[in-house]
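Participant: Chains as they are written, first to last, in the numbering used here: chain A, 9 to 363; chain X, 9 to 363; chain Z, 9 to 363; chain V, 9 to 363; chain R, 9 to 363.
Hints are computed from structural coordinates only; laboratory data are not their basis. No residue lacks a Cβ here, since even glycine has one placed at the ideal position from N, Cα and C. Treat the hints with caution; some may be incorrect.
Now the in silico label distances, taken between C-beta atoms and shown as ranges [claimed, not checked]:
hint : chain 1 : residue 1 : chain 2 : residue 2 : range
1    : Z       : R241      : X       : D132      : 34 to 42 Å
2    : R       : I363      : V       : A341      : 22 to 30 Å
3    : Z       : R172      : X       : L126      : 50 to 58 Å
4    : V       : D275      : A       : T217      : 37 to 45 Å
Straight-line distance between alpha carbons at most 27 Å, and here's what the computed BS3-like set of lysine-lysine pairs gives [what the hints assert, rightly or not]:
hint : chain 1 : residue 1 : chain 2 : residue 2
5    : R       : K109      : V       : K199
6    : Z       : K199      : Z       : K210
7    : X       : K210      : A       : K210
8    : Z       : K361      : V       : K210
9    : Z       : K170      : V       : K33
10   : V       : K358      : R       : K298
11   : Z       : K210      : V       : K210
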Amino acid sequence: MKYFTAKKYDRAGMFPGELVLPEGKKEERARVTVISYTPSDLTEKEISNPADISDISFDRSVNWINIEGIHDLETIEEIGRLFKVHPLHLEDILETEQRPKIDDQNNYLLVMIKMVYLSDKTEDGVEYEHLTVFINEDTVITFQEKPGDVFDPIRNRIRNAKGRIRKMGADYLAYALLDAIVDNYFVVPEKLGEQMETLEMKIVTAPSTETLMTIHRLKRNMISLRKAVWPLREVISNLERSENKIIKRSTVVYLRDVYSHAIQVADLIETSRDMLSGMTDLYMSSVSNKMNDTMKILTVIATIFIPLTFIAGVYGMNFDFMPELHWKYGYFAVISVMLVMAFSMLLFFKRKKWI
Amino acid sequence: MKYFTAKKYDRAGMFPGELVLPEGKKEERARVTVISYTPSDLTEKEISNPADISDISFDRSVNWINIEGIHDLETIEEIGRLFKVHPLHLEDILETEQRPKIDDQNNYLLVMIKMVYLSDKTEDGVEYEHLTVFINEDTVITFQEKPGDVFDPIRNRIRNAKGRIRKMGADYLAYALLDAIVDNYFVVPEKLGEQMETLEMKIVTAPSTETLMTIHRLKRNMISLRKAVWPLREVISNLERSENKIIKRSTVVYLRDVYSHAIQVADLIETSRDMLSGMTDLYMSSVSNKMNDTMKILTVIATIFIPLTFIAGVYGMNFDFMPELHWKYGYFAVISVMLVMAFSMLLFFKRKKWI
Amino acid sequence: MKYFTAKKYDRAGMFPGELVLPEGKKEERARVTVISYTPSDLTEKEISNPADISDISFDRSVNWINIEGIHDLETIEEIGRLFKVHPLHLEDILETEQRPKIDDQNNYLLVMIKMVYLSDKTEDGVEYEHLTVFINEDTVITFQEKPGDVFDPIRNRIRNAKGRIRKMGADYLAYALLDAIVDNYFVVPEKLGEQMETLEMKIVTAPSTETLMTIHRLKRNMISLRKAVWPLREVISNLERSENKIIKRSTVVYLRDVYSHAIQVADLIETSRDMLSGMTDLYMSSVSNKMNDTMKILTVIATIFIPLTFIAGVYGMNFDFMPELHWKYGYFAVISVMLVMAFSMLLFFKRKKWI
Amino acid sequence: MKYFTAKKYDRAGMFPGELVLPEGKKEERARVTVISYTPSDLTEKEISNPADISDISFDRSVNWINIEGIHDLETIEEIGRLFKVHPLHLEDILETEQRPKIDDQNNYLLVMIKMVYLSDKTEDGVEYEHLTVFINEDTVITFQEKPGDVFDPIRNRIRNAKGRIRKMGADYLAYALLDAIVDNYFVVPEKLGEQMETLEMKIVTAPSTETLMTIHRLKRNMISLRKAVWPLREVISNLERSENKIIKRSTVVYLRDVYSHAIQVADLIETSRDMLSGMTDLYMSSVSNKMNDTMKILTVIATIFIPLTFIAGVYGMNFDFMPELHWKYGYFAVISVMLVMAFSMLLFFKRKKWI
Amino acid sequence: MKYFTAKKYDRAGMFPGELVLPEGKKEERARVTVISYTPSDLTEKEISNPADISDISFDRSVNWINIEGIHDLETIEEIGRLFKVHPLHLEDILETEQRPKIDDQNNYLLVMIKMVYLSDKTEDGVEYEHLTVFINEDTVITFQEKPGDVFDPIRNRIRNAKGRIRKMGADYLAYALLDAIVDNYFVVPEKLGEQMETLEMKIVTAPSTETLMTIHRLKRNMISLRKAVWPLREVISNLERSENKIIKRSTVVYLRDVYSHAIQVADLIETSRDMLSGMTDLYMSSVSNKMNDTMKILTVIATIFIPLTFIAGVYGMNFDFMPELHWKYGYFAVISVMLVMAFSMLLFFKRKKWI
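Input sequences plus hints: build the corresponding full structure.
Facilitator: Rendered as structure tokens:
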């Protein structure tokens, strides 16, 4: 497993505000799509040349520029110039290991957040994607690390003019995007919750190194998820209480709703961590129990047969003068004594509830 | 066990504020009952048609609309329209996995809370029910997930005009409902407390996988209960300090009382968690002790008989020239030596307090 | 052990502010004594009829009404009416499982607190008693659960006009009572501290289930004590910072002193909890050590004698052709080999510091 | 070990503000020394009669009255009267189990603090001494529990007029004393740190009950030290932010320095606690490892010799018809088989890396 | 390992504000280099005589004085006099065990911080260096404990007039230095993260004392790192919110960026600690599992062969009358019985999944 994929290190000593690709990444042309809409009207287009971005007519009420692939310095810089984004913020967009945060500038808001997917590609079954959302009066720009997102339902509603989204401003669109992301967070703890249910029985019946590794992996998952979700609460809370005019009063109630969902995921993660910690205890106790059972078997066998073997040994000695050996029923007497001993031992262990 | 029954996931990608049934639930007609009263007067009726709700005459001082079954979109929407409830709040009513929270609007207050029952239906013996309480100037609406509640004593007092409830407003009714719910919370830690008492003796005398599972189940119960109770403190505290005119000054002292009860349950849960954590330690130590006892039995038996068996083995050898074998009292001498050895071993273990 | 004696449950569904006896308690006449004093004057009397309470002349500067036994609804109600106590507060007086709290009304202050006694009656050796202190301009009322308290020294000082108590108001009397209670808290951690001292040696030398149970009992004691003391700090701090005119400025410095004592007990409890947690670790390690010692004895015995027994077994075989058996010194050679083996084993274990 | 030496208990029920000796202590004449100085002048004297204290001429700019031995009620009361100290504060001076605190009166400041010494007298190697520092406009009074302190360097500087101390006021002197005390705190974690270094190797190579006890003792030491240092941070912080005119603005920067040292000791203690907690884990794992090693020896010996002994036993049976016994090379064949078995077992354990 | 290298102890009793070398250090001439620049101009020089520092012409817009080696009292004092540094702060510069802190004076800011390097010289592979940064209107002074730093990229940019650094003031230079230091922090958790990845597999497959020591060492590393990073967050946050005019508004956004990086390192450390704590659990469980496996081997061997050996022992007895011995197929019958017993045992263990 890769614990820290932070490529922050490579920047050490670099000059602040300078836009360079993270080491090991090569420049890739981003896919830029623009959806512009008014309550009554809608245009969608894909832009292939970064320079064309400035050609978008911003006379529509709301524009959503979606950028898939952030390793395209030319596009990022073009947008930075067009929307007057602070160089440090452009750098933040590229820094995918950034923790969720919000930057509240006079002319725009910048929200950095993680998207979470269930995925078979990573060992832990969960994949994270860094997403930056730029919001100003009439434009929302989403910078996605890779193609593929959770925004299709929102695109459909905009196209179908369903719900109130077409009538609201850019802040509402931003809210809708955040809501979609946070709602998607529930997928992971739920999936892991299912795994925990099946795990619990296994721990008690058949604790193995494998079950232990599963607990450990789930814990690791929760730690990662927490790292993504925990700062989110503060981000949304700051967004909600921002005095920036970009966020309109009517949108605050919606943000509060996202906030309560974020709290709920955080709660779920904490509860899962408590549960997993309880499971580690359960595992340890279960292994101890099994070991005790092993010990008991050994002790029962040894306690019954060692003394008997000793008696047999005694009458196997070759002394010239051993009167018992010449008694007629000596052999049967000894066998009987042995049986009595064995049965009393068994009784003793029975009463101790070992067998 | 089901860890997370949250069906939040199914909403991922859904449009905010849209009223749909949670997946797997089918629409069911809710049972709507209305109690309207003034200090001197009282009417009760059951409404079978959602459209009839608007026919309730709101000239009575206080109206309590109780809705049993929330999977009835028509009724919910009708009420939403009638009482000007924000679409997001209507959605919250349906979201039964919501954590307790309060929403303070200008024209109404919305309190989301959990009812707790002891129940034989769930594995953990505890059942949770989501309850939404809507409060405005003259009306209290309770949205219950399922039929059956803890409000019968309150209904009886309203009917019998007992106590001051008939003379007070909607805020007092809301308080009375919250008080009944919080008082009922004490049932669970008390029941679990009883189980803990009997458990403690078992842990020391006969620690088994079953006792371990019981500790684990109690821990899980406490985690769930905490999840329901913890946010409640903040909810009631916010209600108490709300500057909304719906809550009258005279009701604040009552809310403070509910608050102190909520704190008390929270305290009880924390104490129980501490106790249960102590019990896990006790269990582990107890198992270790038992294992040590097992080891001691094995060691005593082995230490006494293995050397004796060796001696018997020696005199069982078939060497031609073994002088001891031909001594007259060789056999008795060896038996005596063995007895002396065995007794000194026993004495040694006696002094070590192993036997 | 009884974990939760809370009879709160029985109230679930009851009407707020209604005065009823907790289930299982029967009404008992309370013992009411009144001490009234001015700097120069003092009267003491016992009131046998609740109705007579209103006959107390309140022209004295300070009146202390002490009520022993709270299961006397008539007296409680009479006092409630006379001193205009809110019905909810009267109910609080009866609720002995209440956690420490303070209620600050315009015309009076109500402090709920626990008295702690060492006692042989309970399994844990500690007994708690609920005490409510009512304070207004000129009267202090103490509601005690049972007869017997820690106030005798204060009574004596009032009678002997010793110290400044006779010259001060009701708030100073209330302070003196609180101070006596808090000072008495130190009894318990000190007693438990003594037990911990003797326990520590036992853990290392002879860890048994009994020592474990003692640790567990001490932990439980600390949890209970903490429950009583922790909220106290906030109670006294609120009392000290109260803007209610009942508490005079000159008394604040005294309350601050009580506060610092309350902090000190809380500190002591936390320290004890840390110590006890360290002791559990010590116990577990000590048991592990003992088990290792047991294992070592077994291993030493087995490792020395099992190979020797094998050799003896070999020469006990009945093959026709075993040349060694017919050598003259075969027997002595084998015995010598065995001795050499045993001694080298002993040397090996000696060097491993096992014996 | 003595956990709680608090003699607070003996006061339970006593009257507040009354000056009595703690139980078990007898009145002892204190040693009172006075250093009075101006930038240019200095007098030192020892006062043998408490009544003489009032004869000190307070026309010097700064007076430092040092009192060694607090069990001298006459002196304490004389000083109390002379400097108008609140009776409760006089009582605090005698209460050596007091936790560090500050009392900010109009006419004086009272700082209660602990001095820490390495000492061979106590089991833990650390000794605590209660110190009260009284500060007013021109006088600093230090009440020490016992003779001997860490102030000699300060005395020397005053005498030698070295540094700025002679030019500064009483608040600077108080600071210098506090600084000397806090600097001395570092002695203990450093000494313990050295012990931890040697301990760590021992834990892994030779974990014994003794190493365990040492960890436990260090933990206890840290708990005690924390109890002395933790509240100190708040005390100094309060002193620094006090609005009392006794503390001059120019002294605040010095107090801030003491504060940062106090934080540093607190940090050191927390780090040590983390380390010690890690060491307990290390110890437990190390013991487990050793036990596993013991088990492995036993298992190797038993697994190799028990089957061989069985084979020898078989050919020691006395059946009339056992063809193998009469084969010429039967004996050698069996011995060979045994050797092969033993070697394959050894190989198996070798491959398992047990031997 | 050296836990506490704090030489604070040696100062105990020393006079505050006095500049002396830490014990065991001898005075060494520091290497002083000065870079002075305006947007258009740049001079660099090395100063060999402390007295020459005052000769630096401060008419340039920004001066960066870098001092390598702090054990040069003459230089420190000269700078102190020249820049009016408070004596206490000069002392702080020498105190290399100081925790990160900021001192906000009217005429300057003093930031104390740790530089972190990966190093083969220390046992833990990490080296810390104390760095003090003095900032005033036009000058930044860096006091380094030893030669060698992470500032070369910044030097190069100043020389090449790359980026905006030449156009900005001293506060921006200070920011650039802090940024370089904080960026370098990521090196350590990343390196340790890599070690953790390889460690995890080892724990499960081959847990040894060595793996345990590695976990312990990593934990110790994290504790040290945390000690360096944790207070840093507050330091930068205070710097960002400082109302001192030295920090210009335009620099605040850059400081906020450093702050978010500091938070990110702190996060990374906490996550690592969680992971390492999970690894200790994993280790303990893994050792328990291994021990259980050892026990199982022993039990299987003992349980199969001990009863068989007993049977062999029985027929090795020398009784005159043992009918079985004379049966023709007695021997084969017994051998068969033994085989059947052995196979049923094997089957039993097979079904228990032990073999």
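Participant: Each hint should be assessed against the structure and marked as holding or not.
Facilitator: Structure-based check of each hint:
Between R241/Z and D132/X the C-beta distance comes to about 35 Å, which sits within the given range of 34 to 42 Å. Our hint of 22 to 30 Å for I363/R and A341/V holds, since their Cβ atoms are close to 28 Å apart. For R172/Z paired with L126/X, a C-beta distance near 55 Å keeps the hint of 50 to 58 Å intact. Hint check: D275/V to T217/A, Cβ distance near 39 Å, so the stated range 37 to 45 Å holds.
For the hint linking K109/R to K199/V, the alpha-carbon distance of about 25 Å falls within 27 Å, and the restraint holds. For the proposed pair K199/Z and K210/Z, the alpha carbon gap of about 17 Å is at most 27 Å, so the pair holds. Proximity of K210/X to K210/A is assessed by CA-CA distance (about 24 Å); at most 27 Å being required, the pair is judged to hold. Our distance criterion of 27 Å between C-alpha atoms is met by K361/Z and K210/V, whose separation comes to about 14 Å.
Taking the CA atoms of K170/Z and K33/V, the gap is near 24 Å; set against the 27 Å cutoff, the hint holds. At roughly 16 Å between alpha-carbon atoms, K358/V and K298/R fall within 27 Å of each other, so this suggested pair holds. Straight-line distance between C-alpha atoms of K210/Z and K210/V comes to about 24 Å, which keeps the hinted pair within the 27 Å bound.
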